[in-house]
Amino acid sequence: MDKLAQLCVQNNVQVFTYSPVLPFGRANNITWSSEDLIRLKTIEQEIREKYKKLYQSYLLKSMVIMV
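Numbering-wise, the sequence shown is residues 747 to 813 according to our numbering.
Since the hints were derived computationally from the structure, they do not count as laboratory data. Remember, it's a predicted structure, so these values are computed and weren't measured experimentally. Do not take every clue at face value.
Pairs of lysine to aspartate or glutamate, DMTMM-like flavour, derived with a Cα cap of 20 Å [to be verified]:
# : residue 1 : residue 2
1 : K749      : E792
2 : K799      : D748
3 : K787      : D748
4 : K796      : D748
5 : K749      : E795
6 : K798      : D748
7 : K749      : E790
Pairwise CB distance ranges, derived in the manner of DEER restraints [claimed, not checked]:
#  : residue 1 : residue 2 : range
8  : S765      : E795      : 30 to 36 Å
9  : E795      : G771      : 19 to 25 Å
10 : V755      : N775      : 31 to 37 Å
11 : D748      : L783      : 24 to 30 Å
12 : S779      : Q756      : 20 to 26 Å
13 : T777      : K799      : 33 to 39 Å
14 : Q752      : D782      : 20 to 26 Å
Yeah, the Cβ is synthetic: ideal placement off N, Cα and C, and Gly gets one too.
From just these sequences and the hints, can you work out the full model?
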């Protein structure tokens, strides 16, 4: 995710978000352990902190849509 966020910054992308692979459809054999989910959350927090600008823009746009 860090490399994707870097690529976004380098290409002046305003918003970065992601969706983890969920266990249905062709990915129905995917399983997430508790440790996997904790690690994913930790990585997400690190990326959000490092690339605040990408997420702030996303949050602002989300709030505008919700209003």
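Outcome of the hint check:
{"no.": "1", "hint": "K749 with E792", "result": "holds (13 Å)"}
{"no.": "2", "hint": "K799 with D748", "result": "holds (14 Å)"}
{"no.": "3", "hint": "K787 with D748", "result": "holds (13 Å)"}
{"no.": "4", "hint": "K796 with D748", "result": "holds (9 Å)"}
{"no.": "5", "hint": "K749 with E795", "result": "holds (14 Å)"}
{"no.": "6", "hint": "K798 with D748", "result": "holds (12 Å)"}
{"no.": "7", "hint": "K749 with E790", "result": "holds (13 Å)"}
{"no.": "8", "hint": "S765 with E795: 30 to 36 Å", "result": "violated (20 Å)"}
{"no.": "9", "hint": "E795 with G771: 19 to 25 Å", "result": "violated (32 Å)"}
{"no.": "10", "hint": "V755 with N775: 31 to 37 Å", "result": "holds (34 Å)"}
{"no.": "11", "hint": "D748 with L783: 24 to 30 Å", "result": "violated (18 Å)"}
{"no.": "12", "hint": "S779 with Q756: 20 to 26 Å", "result": "violated (33 Å)"}
{"no.": "13", "hint": "T777 with K799: 33 to 39 Å", "result": "holds (34 Å)"}
{"no.": "14", "hint": "Q752 with D782: 20 to 26 Å", "result": "holds (23 Å)"}
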